[in-house]
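Asks: Quick mapping for you: the protein sequence lines, in order, are chains A and B. First residue of the first sequence? That's 1 in UniProt numbering, and the numbers climb one at a time after it. First residue of the second sequence? That's 1 in UniProt numbering, and the numbers climb one at a time after it.
Heads up, a few of these hints could be off.
[Said to hold, decoys possible] The calculated lysine to any residue pairs, modelled on SDA-like cross-linking and capped at a C-alpha distance of 25 Å, are: (1) Lys193/A - Asn230/A; (2) Lys363/B - Leu449/A; (3) Lys704/B - Arg359/B; (4) Lys444/A - Glu877/B; (5) Lys448/A - Leu867/B; (6) Lys193/A - Thr168/A; (7) Lys779/B - Glu27/A; (8) Lys444/A - Asp873/B.
[Stated by the list, open to error] To list a few chain A residues with every Cβ distance to chain B over 10 Å, as calculated: (9) Leu78; (10) Glu79; (11) Val117; (12) Lys184; (13) Thr204; (14) Glu293; (15) Glu415.
No lab work stands behind these hints, which were simulated from the structure alone. Quantities reported herein were computed from a predicted structural model and do not represent experimental measurements. Heads up, the beta-carbon is just placed ideally off N, CA and C, and yes, glycines get one too.
Okay, here's what each chain looks like letter by letter:
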Amino acid sequence: MLRWLIGGGREPQGLAEKSPLQTIGEEQTQNPYTELLVLKAHHDIVRFLVQLDDYRFASAGDDGIVVIWNAQTGEKLLELSGHTQKITAVITFPSLESCEEKNQLILTASADRTVIVWDSDTGRQVQRVSCFQSTVKCLTVLKRLDVWLSGGNDLCVWNRKLDLLCKTSHLSDTGISALVEIPKNYVIAAVGKELIIFRLVEPTEGSFEWDIIEVKRLLDHQDNILSLVNVNDQSFVTGSHVGELIIWDVLDWTIQAYERNFWDPSPQLDTQQEIKLCQKPNDISIHHFTCDEENVFAAVGRGLYVYNLQMKRVIACQKTAHDSNVLHIAKLPNRQLISCSEDGSVRIWELREKQQLTAEPVPTGFFNMWGFGRVNKQASQPIKKQQENATLCSLELIGDLIGHSSSVEMFLYFEDHGLVTCSADHLIILWKNGERESGLRSLKLFQKLEENGDLYLAFSL
Amino acid sequence: MISAPDVVAFTKEDEYEEEPYNEPALPEEYSVPLFPFASQGANPWSKLSGAKFSRDFILISEFSEQVGPQPLLTIPNDTKVFGTFDLNYFSLRIMSVDYQASFVGHPPGSAYPKLNFVEDSKVVLGDSKEGAFAYVHHLTLYDLEARGFVRPFCMAYISADQHKIMQQFQELSAEFSKASECLKTGNRKAFAGELEKKLKDLDYTRTVLHTETEIQKKANDKGFYSSQAIEKANELASVEKSIIEHQDLLKQIRSYPHRKVKGSDLSSGEIQHSQDQANQASATSNPDESADTDLYACRPAYIPKLIKAKSTKCFDKKLKTLEELCDTEFFTQTLAQLSHIEHMFRGDLCYLLTSQIDRALLKQQHITNFLFEDFVEVDDRVAEKQESVLSQPRQDKLLSRPLEECPIPKVLISVGSYKSSVESVLIKMEQELGDEEYKEVEVTEPSSFDPQENLDYLDMDMKGSISSGESIEVLGTEKSTCVLSKSDSQGSLTVPLSPQVVRSKAVSHRTISEDSIEVLSTCPSEALIPDDFKASYPSAINEEESYADNEGAIHFQASISPPELGEAGEGTLENTPSQIDSSCCIGKESDGQLVPLPTPAHTFSDEDGVVSIPPQRYRQKDEGFHVDFAVENTNPSSRDNSCETFPAYELDPSYLLASRDVSKTSLDNYSDTTSYVSSVASTSSDRTPSFAHPVGPSSERHKKRAGQNALKFIRQYPFAHPAIYSLLSGRTLVVLGEDETIVRKLVTALSIFVPNYGRYAKPVKHWVSSPLHIMDFQKWKLIGLQRVASPGSAGTLHALSRYSRYTSILDLDNKTLRCPLYRGTLVPRLADHRTQIKRGSTYYLHVQSMLTQLCSKAFLYTFCHHLHLPAHDKETEELVASRQVSFLRLNLGLVNEDVRVVQYLAELLKLHYMQESPGSSHPMLRFDYVPSFLYKI
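Could you build all of it, start to finish, from the sequences and the hints given here?
Replies: Printed below as a string of structure tokens:
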């Protein structure tokens with residue numbers, strides 16, 4: 001890989017050769033991010049990014065501080081410090097119209113077993129709750145009810161004023177790993193291998209008490225559930241450590257679809273051996289989901305899979321999208337998918353429909369995945385995995401962003417300001433569309449010229 | 001020395017007047033005066049007149065009351081520099097042109113000696129025998145043990161090039177003023193300390209004496225005092241008096257800054273009257289002449305704790321050294337400043353002028369000049385000048401120089417002047433002329449007052465001139481300079497000055513002796529010359545008078561004309577009258593002052609050196625004179641260049657007011673304005689002495705070396721172009737190598753191609769040994785990276801390959817370059833490996849000029865409104881983009897990758913323009929997704 005540097009090799013692009021990973025090289029015409037701004041304020045791994053409004057976001061991480069940034073200029077607006085240990089969950093609590101306090105709140109949970117409520121405009125610490133028995137690992141806001149839930153070893157329900165409304169009994173020692181609201185005041189919590197469905201009882205005329213009642217436990221997963229996401233009004237999806245993807249009906253909590261193809265080894269034996277040799281078990285764990293109307297996008301191990309809800313099958317995949325686990329993915333409006341990974345890179349993919357429905361099977365199969373096959377590099381084609389010869393779409397790599405020197409934990413996409421990535425190297429990088437920024441700067445320049453009156457001076461000269 | 005028979009023009013261009021040359025084809029601001037001896041076919045860089053020293057140096061001399069003028073030190077302190085040049089002789093010369101009237105004396109009106117805070121005088125002087133020309137800056141330091149408490153010093157910038165001195169007069173003056181201010185500040189401090197000590201001693205002496213007298217009193221109660229007792233009592237009284245005097249002095253010296261600031265009412269006792277002072281002014285030939293001075297000037301010798309009443313002779317004691325006189329700290333600061341001056345004015349005049357023009361032009365390009373220019377020096381300069389007036393003088397110079405050089409208008413004017421002079425010859429001028437032309441009145445009026453004044457000066461100068469040798473030319477003082485340049489207001493004094501006029505006159509009675517003293521112009525001397533004739537040859541008075549008048553008129557024309565030329569009589573004239581007014585007032589007042597003056601006959605007697613009463617009056621007149629000078633001085637923008645008239649009307653009105661005030665006060669207490677005036681003057685000319693010099697002495701050398709190495713790089717490496725392109729387009733270039741010195745050298749060389757983010761250090765990191773990080777690429781655009789053979793370096797290389805898209809990598813050990821393709825035409829011109837340029841500095845300049853061109857392109861691109869904004873709402877971005885591209889390609893003539901360079905520079909310009917507080921953050925890292933290629937030799 002470093003041959004040209006060390007030995008003075010002849011090919012500048014020798015990097016691409018040995019990696020099983022699809023690479024795109026340095027020419028990325030479709031990659032719009034040609035400007036970056038490194039933001040430095042954290043002293044430890046930055047794990048969370050939360051969008052506050054059109055131009056602000058908050059970052060939080062293991063150093064226990066929350067920093068609020070201007071996404072446009074990269075300016076650090078506020079630094080909120082109050083936690084003594086790493087932050088485990090961050091969520092925004094949007095202000096209500098009825099509420100007298102208009103300011104948006106930020107809730108942060110930390111390993112120091114506190115939850116702090118911040119005012120995002122002033123940076124003031126509004127309130128602090130420290131009566132938790134365990135670390136709160138997830139937070140969710142039920143906007144409709146104006147309450148928020150904290151999930152640790154038990155599940156607590158709080159109102160805006162931080163009164164504890166009700167709580168469950170101790171659920172498990174591992175604690176709740178994910179929490180999602182579904183219609184009719186139900187909440188689903190992922191606890192270990194189980195999905196627990198709770199019903200939240202609002203105070204009515206009869207009783208003034210809030211209550212939370214466990215309704216059902218779903219035991220279909222064979223391993224720990226790592227991700228839990230609402231797909232749409234009808235369904236939600238869960239993913240487990242062993243690559244099980246289950247789509248559930250939100251109303252009757254039945255399985256709509258079950259997919260564990262990622263995990264299934266290919267029928268060919270040698271490949272399977274190969275897998276056993278080099279594949280680590282977490283390579284097929286499902287870390288993150290993102291959805292649009294038609295598809296569920298899953299980050300499975302190092303790969304990306306697109307599961308079509310209608311067809312109930314994987315329509316496109318990229319088995320080795322990154323060098324190591326994909327941590328976060330997001331779907332952009334323009335059919336683009338962005339993924340970030342432990343390998344420190346961010347990649348931009350485009351979901352393309354295949355023009356020709358391939359009649360012939362693609363023999364390479366999983367060879368490429370493990371680096372046996374030679375992938376056709378000239379056209380910089382992605383490695384196409386055709387599930388049952390019927391993969392309808394493909395994920396094309398259109399660009400990668402290299403900046404972080406360590407695992408990229410999360411990213412946030414701003415329509416107007418580009419992409420924000422946070423990483424274990426303590427940095428946050430703001431990626432921007434260089435051309436657009438240039439245009440904006442020109443605009444600003446002329447505005448300022450006009451303000452200064454230099455414009456006319458210049459003309460008169 | 002003033003008996004100089006030959007008065008030469010002060011302006012530098014006078015040589016060309018007779019033989020006008022064509023306008024140079026160069027832009028006017030770049031034209032430098034032709035080499036004066038060009039007609040003789042001389043090489044302009046040959047030594048002008050066989051000067052005995054190799055290059056310019058600074059000489060500090062003192063007029064020691066014990067041994068007379070003596071050189072103290074030179075900067076640089078290297079005998080090679082001044083070689084066989086006779087420092088002693090030259091010290092004598094420069095010390096003998098001191099016109100500052102600096103005295104501490106015992107004015108008759110007041111009981112105590114007064115310190116007089118005099119302005120420094122600035123004189124230009126030439127010695128044709130030695131082939132040396134000098135800017136001489138006289139200053140007076142206080143020393144309690146010295147005669148009159150003063151120690152005259154001078155600092156001289158000595159050069160073989162007369163033109164250099166003349167043209168850089170203003171800069172020299174400004175710089176030397178700073179040095180002088182530094183010295184004087186330290187001196188005041190030291191003097192105050194000395195006074196305090198002395199007071200303590202006196203106090204002690206008093207108590208001792210007191211007890212002694214008491215004892216004596218007790219001893220003889222016979223009712224009469226022994227002579228011894230009386231003596232003791234006298235002694236005691238004198239000590240008492242001395243205490244009071246010293247207290248007063250201390251108060252004065254301490255109040256100095258205050259007075260400077262306020263410039264307000266001072267007691268009437270501040271003029272200098274004593275004969276001793278008169279003598280001093282006239283070159284102090286006989287120090288012990290006056291008896292009464294001893295009382296005050298030669299204090300009882302300092303003996304710790306107990307002071308003898310009787311004085312010891314000055315010769316007995318060792319005078320303090322300059323370092324003792326000032327604080328050591330201030331002394332070293334001054335030395336630093338002086339060596340700074342020496343650096344500043346090193347080199348050929350052409351070079352100095354060009355670099356000045358350069359700087360002036362650079363300052364105008366304030367939007368783009370941050371990109372490639374070296375800002376150390378300029379900032380330095382900026383700091384020195386007062387911000388508001390800052391750019392004016394240079395611009396003025398630019399404007400005025402061509403004017404000066406344009407011969408035709410001058411001719412026209414002199415014709416006009418002749419006319420007017422003719423008209424004014426016979427008649428009493430004031431009224432008639434006034435009718436004809438407003439301005440002439442102003443001039444002539446004062447001129448009628450001049451003669452008397454000049455007479456006094458004549459006397460003094462006659463005395464002084466005895467000592468001076470043959471070959472002194474006093475070229476000019478600052479005062480005269482500004483007089484010339486500012487024309488109107490000081491017209492009164494300068495009237496007889498204009499030496500060109502004098503020269504061209506056939507009327508002139510003087511025999512022009514070849515090697516004799518040429519007083520080109522000093523203000524007093526100028527003023528004197530005509531009168532000196534008047535005085536000494538009364539029979540010639542008629543002629544002389546007309547002569548003088550003519551002169552006056554002509555001179556007036558000469559001095560007035562520049563503004564008319566320059567501004568074509570627009571707004572300028574509005575201001576000039578007001579100035580004239582003020583000067584006019586002064587003139588009148590001084591007239592009033594002069595009324596009681598003795599007749600010329602009287603003055604003759606004085607000439608003989610019979611010092612009796614009249615000298616006081618001379619002093620008085622002197623005062624009047626001083627008033628005017630001070631007024632000139634109040635104008636801080638007064639410059640040496642004769643045609644720099646612009647400052648006069650660009651003046652702050654407050655200056656005018658100030659001068660009016662001065663004139664008022666001089667009316668009120670006409671006899672004692674001097675010190676007041678001088679304090680005013682010092683107020684105005686007081687520039688906060690910034691002693692700290694962020695000197696970049698090696699910058700010149702640095703540039704040269706960088707240029708040389710860059711040239712080497714270009715010749716050595718065929719892939720220099722893409723490397724330079726990387727730098728210009730903002731792609732970080734990493735220079736990888738094992739040897740630190742080689743890497744550093746190359747990084748320094750290449751840094752001349754790196755655009756700046758702002759007015760700070762270039763984004764260049766000369767040497768790094770740790771793995772690079774994304775932040776580094778945002779921060780640095782040129783990095784020298786250590787290649788380590790150890791396995792630990794794997795991290796470094798890994799990072800490098802990881803971030804390869806942001807960098808171009810120049811591997812010095814393997815002689816490879818990995819970077820994007822470059823196919824433009826710009827860099828080949830910038831870095832042609834077949835270039836004929838041999839010298840590093842030349843190449844540096846070449847690069848600078850190319851980059852400046854580039855900057856202007858970037859400027860155009862950035863600030864062309866239509867390129868960046870849609871013409872109407874419906875216009876798509878694509879259309880705007882295509883317009884940009886076509887502009888870059890067609891209008892700016894950029895090819896392929898050159899576009900990127902300009903775009904990058906444009907981004908920097910935008911950022912810089914919009915940044916309110918520059919340097920707050922590093923700009924974003926911009927990059928392109930373009931493939932890189934590996935180049936090998």
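Asks: Could you run down the list of hints and mark each one as holding or not?
Replies: Results for each hint:
{"no.": "1", "hint": "Lys193/A - Asn230/A", "in the structure": "holds, 18 Å"}
{"no.": "2", "hint": "Lys363/B - Leu449/A", "in the structure": "holds, 19 Å"}
{"no.": "3", "hint": "Lys704/B - Arg359/B", "in the structure": "holds, 18 Å"}
{"no.": "4", "hint": "Lys444/A - Glu877/B", "in the structure": "holds, 16 Å"}
{"no.": "5", "hint": "Lys448/A - Leu867/B", "in the structure": "holds, 16 Å"}
{"no.": "6", "hint": "Lys193/A - Thr168/A", "in the structure": "holds, 19 Å"}
{"no.": "7", "hint": "Lys779/B - Glu27/A", "in the structure": "holds, 24 Å"}
{"no.": "8", "hint": "Lys444/A - Asp873/B", "in the structure": "holds, 17 Å"}
{"no.": "9", "hint": "Leu78", "in the structure": "holds, 17 Å"}
{"no.": "10", "hint": "Glu79", "in the structure": "holds, 16 Å"}
{"no.": "11", "hint": "Val117", "in the structure": "holds, 31 Å"}
{"no.": "12", "hint": "Lys184", "in the structure": "holds, 47 Å"}
{"no.": "13", "hint": "Thr204", "in the structure": "holds, 55 Å"}
{"no.": "14", "hint": "Glu293", "in the structure": "holds, 29 Å"}
{"no.": "15", "hint": "Glu415", "in the structure": "holds, 16 Å"}
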